Structures are given as structure tokens and as C-alpha cells.
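Novice: Now for the letters of each chain:
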Amino acid sequence: METVIALNSATACTSLSPSAAIWQDVLSQAMTGELIAAMNYTSLAEICDHPDEVADALEHADGERWHAAAFAAEGRKMGLDVPNNVNAKHWKRLREAFMRCIEARDFIACLIVQEIMLESFAVASYARVGKVGPGSLGKTFAAIAAEEEGHIDHAMEILKAERALDPQRFDDKVYRLHLDVMTTLAEMLTKECRNGHCEVCHGSCVKPSLPAVSLSAAELRGVSLQQYLKTLDKLGLPGEVTLTWLSQLPV
Amino acid sequence: MAESVASLARRGRELDFALIGHQESWRAAADVLAVLRGPQLAPLPDDEIKDILPWIPPRAVCHVEVGSMTGTKAHGVYIDSFIPPDRLEAAYMHDNIARVRAAAAYAIKAGAKIVSLGGFSSILIEGNFDQLPERQDTVFTTGNTLTVAFIVQGIQKMCALEGRNLRRSTLLIVGATGDVGSGCARCLAPYVKRVLLRARNLERLRRLAAELEADGVQVEIAADRQQFSAEADIVICAASLASGSLLLGRIAPGAIVCDAGYPKNLSPNAQMPEARIFFGGLGQITSGMRFTPDFHGVLNRHPFPDVVHGCLLEGMALALEGRYEPFSQGRGFITPERVEEMETIAEHHGIYLAPLYNADGPVEDVLDLFVA
Chain A
1 METVIALNSA TACTSLSPSA AIWQDVLSQA MTGELIAAMN YTSLAEICDH
51 PDEVADALEH ADGERWHAAA FAAEGRKMGL DVPNNVNAKH WKRLREAFMR
101 CIEARDFIAC LIVQEIMLES FAVASYARVG KVGPGSLGKT FAAIAAEEEG
151 HIDHAMEILK AERALDPQRF DDKVYRLHLD VMTTLAEMLT KECRNGHCEV
201 CHGSCVKPSL PAVSLSAAEL RGVSLQQYLK TLDKLGLPGE VTLTWLSQLP
251 V
Chain B
1001 MAESVASLAR RGRELDFALI GHQESWRAAA DVLAVLRGPQ LAPLPDDEIK
1051 DILPWIPPRA VCHVEVGSMT GTKAHGVYID SFIPPDRLEA AYMHDNIARV
1101 RAAAAYAIKA GAKIVSLGGF SSILIEGNFD QLPERQDTVF TTGNTLTVAF
1151 IVQGIQKMCA LEGRNLRRST LLIVGATGDV GSGCARCLAP YVKRVLLRAR
1201 NLERLRRLAA ELEADGVQVE IAADRQQFSA EADIVICAAS LASGSLLLGR
1251 IAPGAIVCDA GYPKNLSPNA QMPEARIFFG GLGQITSGMR FTPDFHGVLN
1301 RHPFPDVVHG CLLEGMALAL EGRYEPFSQG RGFITPERVE EMETIAEHHG
1351 IYLAPLYNAD GPVEDVLDLF VA
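Chains as they are written, first to last, in the working numbering: chain A, 1 to 251; chain B, 1001 to 1372.
Honestly, the hints are just simulated from the structure, not real lab data. Owing to the predicted nature of the structure, the values given are computational and were not obtained by experimental measurement. Cβ atoms here follow ideal geometry from the backbone N, Cα and C, with glycine treated the same way. Hints should not be assumed to be uniformly reliable.
Claimed, not checked - Once the Cα atoms are required to be at most 27 Å apart in a straight line, the calculated DSS-like pairs of lysine-lysine come out as:
| hint | chain 1 | residue 1 | chain 2 | residue 2 |
| --- | --- | --- | --- | --- |
| 1 | B | 1073 | A | 234 |
| 2 | A | 191 | A | 89 |
| 3 | A | 173 | B | 1050 |
| 4 | A | 160 | A | 230 |
| 5 | A | 139 | A | 191 |
| 6 | A | 77 | A | 131 |
| 7 | B | 1050 | A | 131 |
| 8 | A | 160 | A | 77 |
| 9 | A | 160 | A | 191 |
| 10 | B | 1050 | A | 191 |
| 11 | B | 1157 | A | 230 |
| 12 | A | 230 | B | 1050 |
| 13 | A | 160 | B | 1109 |
| 14 | A | 139 | A | 160 |
| 15 | A | 89 | A | 234 |
| 16 | B | 1193 | B | 1157 |
| 17 | B | 1073 | B | 1109 |
| 18 | A | 230 | A | 131 |
| 19 | A | 89 | A | 160 |
| 20 | B | 1109 | A | 234 |
| 21 | A | 191 | A | 92 |
| 22 | A | 173 | A | 230 |
| 23 | B | 1264 | B | 1050 |
| 24 | A | 92 | A | 173 |
Claimed, not checked - Over the 12 Å line for every Cβ pair with chain A, so calculated as not near, a few chain B residues:
| hint | residue |
| --- | --- |
| 25 | 1034 |
| 26 | 1050 |
| 27 | 1070 |
| 28 | 1089 |
| 29 | 1166 |
| 30 | 1190 |
| 31 | 1203 |
| 32 | 1211 |
| 33 | 1243 |
| 34 | 1249 |
| 35 | 1270 |
| 36 | 1303 |
| 37 | 1306 |
| 38 | 1347 |
Whenever a hint applies, use it, and build me the whole structure from the sequences.
Specialist: So, in C-alpha cells, the structure goes:
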């Protein structure tokens, strides 16, 4: 198992107000996602050919660790311990999907998974949480959403250039990765976790409780999938094709 | 073997036309998503559709190829604005205009030469074309001229089927000040005995009445929701309603009623057992229409093949004709001359008035049986 920065804790607060318990789970999910991203960028550095690319990937990894730390700090401000679990079933599958791209030394596939799929999810859901989160918690989510958006813009140029070389080959690759990664993300984003506990929430599934903090699982899924489609549009993939992909995701 | 949507999309082929529309019911939206999911996946549950659809950005749903009796073909796309069927009310106007603008931007980016605005898309924009994105080489038409043509033809056909004399009829137009309503008034007013106009905006009603009266037509106006119903023997319902909510009240026995709304104007609760109701503004393509993926009977939910709303057909007809021009724009500019010109273009390509039908099925068959 890979080492994760020392923020891991299995302790859950048991005497929290109802909304604090919800924020604890929201922060746990976000922090786990950031740690997965940090691990992904670290792995990416291993397959980069150019020293500048290596430095870039490691810088991104640092940035993601900083985001994870920021979420942990927000939890502490609220008196919350923020556990994370990069081995939780969905997150583990996402990490494994990324590692298959690493094993294939497919730099472009890595960017598609991390920047187009995972970051779309992060940007959209963080921005939404940023609008309703109390005080500095909301500001932190909003600020990190903006930073992640910057990552996407950076990757977009590389990916657009790659697509221009052979659009069909590129789109076929995105589709293969979509089936692998977005299916898992869509399962994470279902309105209710019907297939068992996600292994990140500290108690029962947080999704039914989200309306208490002006969020909803349906809305978080909606904004995430919308962001994903818009990102694919920017890349130049045909909208009628990506609409079919979206419509076939699990709900 | 039929070409896949992916290969069609990637071919980078020029788009002769784009059609912008939206679904008028959740059932229709569910059917669209079911086609996209394919037969191997179970249809999405209704509650999931209602949660997901509002987040889908406007985009092409399918490719459309339309044939002409001249042998030419035109290729386009159907773009759905994904306006949720229960959010057509004025309260969502700002949101919906943004969706139509995004759909228009999509059509422009796709390089469509002409874009037809279907249903509420044209209602939202008809008075304000400058709300559309910068257009480059793409032109927009509301498609309302061909809609008017088919409404007028439908009225004439229904009168003939029913043995009515149009010249002895009293015509009521509900939603008379809209682009379609006023166009119908201009086309039919010279051929009827009396014209009754109903709309919410009295000032616009007065202006339209004055215009028609200047041509010697006897016109009366009302803003009241049910006024005139009992006096008319021909009624055209062309109001911009978010759902079928129009109750005409007591109407003349055997009155011909054309519901030209999208969504339909007439309330399902409208009790008019003696009225001859038909859905107006629909045309039929006689030289073939192909959807990729196959949306036949899903995007065009009519009991006859290749039937399409006039507003969308206008863009296709103009594309087949090679006339990439904003034929219908703004509100209140539809004249009998322009309607005749559009009819000629449509007929040249084998696009005619669709067989008449209503919620119970074909009207003409029923009448034939009645006569027999």
C-alpha cells in the first residue's frame, strides 16, 4: 500500500451537531479525493520524459497535498477530525484505473483521467459546496475549485493538440477511459449509495442528510456531469456523442 | 449498414441546417433518453430523469437527413435545449433564454447554415433576435411562416371536410398578438365574415385590429380569457402557454378548433365533445427523413410518418432550396405574401400539410367513417 501523508485517521467525532457531522463527511470525501490526486500526480512524474514535466507533475502533487491539508484544517476549525480513506472502494478503483494508464506509460490517458474526469468532478462539486459552506469552509472550497480549474485549463492545451493529430483515436481513448472511470464516478454520485457503504463517510451515508446544509446528492451529480460535458465540449468532442455516453452511465 | 452518430459527427461535414427544440413532456424526454441509452440498458427511472435532464447543456441529439422530391438532400442536426418540460413558465424565462442562446451558440459552432427555432425557442427569442450569439455565417429563422401556412391550410381543409363555408364563418384567434396568431389573422381575415381576436395585451390587440380594419375587415378584440368562444365557429389556439391549460369555455356546437400550440394549448380537461379539434401547424415530408440515431416516432411523436412542426420544417425547406436567409424574424411580420412564398418553397421539395389528427387519432379517417 502506498504511503499517504500523515492526515489519516480512523477517529470519527461522535458528539457532533447534525450539520457538523455532514461537513465532516463532505470534508472527508474531498480530502480523500485530493490525496488520490496527489498520488496520481506523483505517479505521473515517474513516466514523464522531460525534467520540466516531472517538475510540473510533482508541483501539482504538492498542490493537491496542500488542498488536503487545507480541508483538514477547515475540519479542525470546526472541531472536527477529518478522516480519509484512499482505499475506500470507489476511490481505490479510480486510483487503479489511473495506475493502469501509468503502467501503459500513457501520459495522455493520465491527463484525461485526472484533469478531465476527476477534476471536473472536483471543480463542480467544490464550487457548489463553496456557495453554501459556512465561513472559511465555503471560501476554502471555492478557492480550491478555482485552482483546480486552472489545472484543467493547463491540461486542455496539451489534450487539444493531441486530439488535433487524430480525433478518432483520441475520442476512442476518451471513451475507453470514460467507461472505466466515469462509471465509477457515476456510482459514487448516485443519489443513494445502494451498493453498500462508501467506506469514507464516518457513519451512515451522508447523501440523504445533505439538504440540511443546502446541498443535495442530485445537485452535486448534476453539476459534476455538466462540468464534465462542458469540458469534453471544450476539447472538441462531438456533443451528440458525449450525450450518449452520459445517458448510459449508471444512476 | 447505417452510419454511426460518432462517424457522422467526426466527418466534419457541413451542416445545412440545425433545428433547436425541447421536449414538451417528461414522457417525451424519457423516450429521448431511452433511445440514447440503447436497448441493452433499462430506461432511467422518472425521478432520475427529472434530476439529470436540467443539468444537460444544450447539444445535438441526432443527425437528420431530409430528402426533396427534386432529388436533393439536406443534412442537419437536432439540438435540444433541454429546457425541463415543467419549467416553461415565465418564472424560468431568464434561464430558458440562456439555454436557447447556448443551443444557438452550439449551432453556430457546428457551422449550421440555417437554424430553425422550434416551440418555445422561437417564442423566447422572436421579439428579440439580438439576444442570439454573434452569428458569423449562420442565419436564424423562427419558422413561424411555415407554421402559419400549415395552420391556414389545415383550417381550409377542415372546412372542406366538414362542408363549411369559410366566408360565412366567424374566426376567433386566441393568442392573436403573437407572431403565429397575427400571421394567421392576416392570412384568414380577408376570407371570413368576422374576426375575433383574443390576447392578454390590449395595446397590441388594438394595433393588430387597426391594421386589419384598414383592409376592411370587421374585427373585435378582447383580453378576457373566455370571451367570444360561443360566437366563433372556427377557433385557432396559438397562445404561448407553458402547458395545456386553455379552457375555451362554452363554444359553438360543431366549431372547428385548431390547437397550434407547442406544448398544446388546450387543457386535457376542456370539455368540447361537439367541437372538431385538430392539431395545427404540422407538415409532412414526402421524400424521406432519416435520423441517426433512429429517433423516428420519438422526436416526431405523431400518428403519421415524417410529420414535423412547421417551424422546424421551414429551416429544412430553406436548406433544400439553398436559401440560407432569416426568412421569419421578429414578431408581427408574417404576411399572406410571405406565407405563399414559403408554401411554394415547401411544396417544391414535397413538404405538404400533414394529415389532420388530434389526441384521439386521425381526424380525416374519423370523418370518412362518419360520412360513410
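Novice: Compare the structure with each hint and give your call.
Specialist: Now for the hints, and whether the structure bears them out:
no.: 1; hint: B:1073 x A:234; result: violated (31 Å)
no.: 2; hint: A:191 x A:89; result: holds (17 Å)
no.: 3; hint: A:173 x B:1050; result: violated (31 Å)
no.: 4; hint: A:160 x A:230; result: holds (14 Å)
no.: 5; hint: A:139 x A:191; result: holds (26 Å)
no.: 6; hint: A:77 x A:131; result: holds (19 Å)
no.: 7; hint: B:1050 x A:131; result: holds (23 Å)
no.: 8; hint: A:160 x A:77; result: violated (41 Å)
no.: 9; hint: A:160 x A:191; result: violated (33 Å)
no.: 10; hint: B:1050 x A:191; result: holds (13 Å)
no.: 11; hint: B:1157 x A:230; result: violated (47 Å)
no.: 12; hint: A:230 x B:1050; result: holds (20 Å)
no.: 13; hint: A:160 x B:1109; result: holds (16 Å)
no.: 14; hint: A:139 x A:160; result: violated (31 Å)
no.: 15; hint: A:89 x A:234; result: violated (31 Å)
no.: 16; hint: B:1193 x B:1157; result: holds (18 Å)
no.: 17; hint: B:1073 x B:1109; result: holds (22 Å)
no.: 18; hint: A:230 x A:131; result: holds (20 Å)
no.: 19; hint: A:89 x A:160; result: violated (32 Å)
no.: 20; hint: B:1109 x A:234; result: holds (11 Å)
no.: 21; hint: A:191 x A:92; result: holds (20 Å)
no.: 22; hint: A:173 x A:230; result: holds (18 Å)
no.: 23; hint: B:1264 x B:1050; result: holds (21 Å)
no.: 24; hint: A:92 x A:173; result: holds (21 Å)
no.: 25; hint: 1034; result: violated (9 Å)
no.: 26; hint: 1050; result: violated (9 Å)
no.: 27; hint: 1070; result: holds (28 Å)
no.: 28; hint: 1089; result: holds (21 Å)
no.: 29; hint: 1166; result: holds (44 Å)
no.: 30; hint: 1190; result: holds (45 Å)
no.: 31; hint: 1203; result: holds (41 Å)
no.: 32; hint: 1211; result: holds (43 Å)
no.: 33; hint: 1243; result: holds (23 Å)
no.: 34; hint: 1249; result: holds (41 Å)
no.: 35; hint: 1270; result: holds (35 Å)
no.: 36; hint: 1303; result: holds (27 Å)
no.: 37; hint: 1306; result: holds (21 Å)
no.: 38; hint: 1347; result: holds (31 Å)
Of the numbered hints listed earlier, those contradicted by the structure are 1, 3, 8, 9, 11, 14, 15, 19, 25 and 26.
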